[in-house]
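Engineer: Sequence:
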Amino acid sequence: MDPLAPLLKLADVESAVSGARAAVDGAYKHRALRRQGGMVAAEISLRCAVASAALEGHRYELSDVRGGTVLDAVLQGALRVAEALPGLHRQWHQAPRQVLAKLHLLAGTGVLPADTLGRPAPDSAARLDTLLELVSAEAGNPLVRAAVVHGELLAAQPFPGVNGIVARAAGRLTLVGSGFDPRGLVAVELAQLAREPEYIGAAGAFATGTPDGLRSWLRHYATAVEQGCAQVAVVGDAVLASVG
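Oh and the sequence shown: position 190 is 190 in the UniProt record's numbering, straight run, nothing missing.
A couple of the hints might just be wrong.
SDA-like, lysine to any residue: derived pairs with alpha carbons at most 20 Å apart [as the list claims (entries may be wrong)]:
hint, residue 1, residue 2
1, K9, R219
2, K102, Q91
3, K9, L240
4, K9, R21
5, K9, K29
6, K29, G209
7, K9, A205
8, K102, V70
9, K102, E56
10, K102, E83
11, K29, L240
12, K102, P122
Just so you know, the hints here were simulated from the structure itself, not pulled from any lab data.
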């Protein structure tokens, strides 16, 4: 049985997920992806890393980050995580615990004591085990699964200091590894930063475990995916203009 199937039956969730799926399909048709897809993906990855750090309270201008003048440890950790993600999506479903440890190590270096890196909080063990079983089983709709992975990690707080960066990266890995967003082009983090109060509120609602709370988070996540697709055109147009 698919343990996530009931979530699609919550009011308006299935239609929101379908809308997000259509937005991804449309975004992947942008003409920049034919020849300059690598440049587009790299720029979106950078912007999402900057947005993920901003959601942790470490906000910097994209131009300053691109110029290499920002040495903030949390931002640097987010950048290391973003750089590593393309090489982790296959391992994510096979060994999710090791991938999460790697993400925490990358995100937390320079932020946390070295002996705490890669080690989830002991009181989160049971909840984390259940989540990792879900990841390994690759169960359910991939967008719903990514939302649950992201939301559960935010709620359980297993990785101290930089848990939000790890949670957002795990959600992204789920979208990429499932084939929902195989090139990692959907800028979910940018959409969540643009809707930060809703992001925080919906995550808190998810943590309650109530049907209304789950519905709120799933609708938020689907909307963030849909709006994150718009960045493909923004970045793609800029890349085409830069290469003439």
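Engineer: To test your reading of the hints: which numbers does this structure violate?
Structural biologist: Numbers 3, 5, 6, 8, in rising order.
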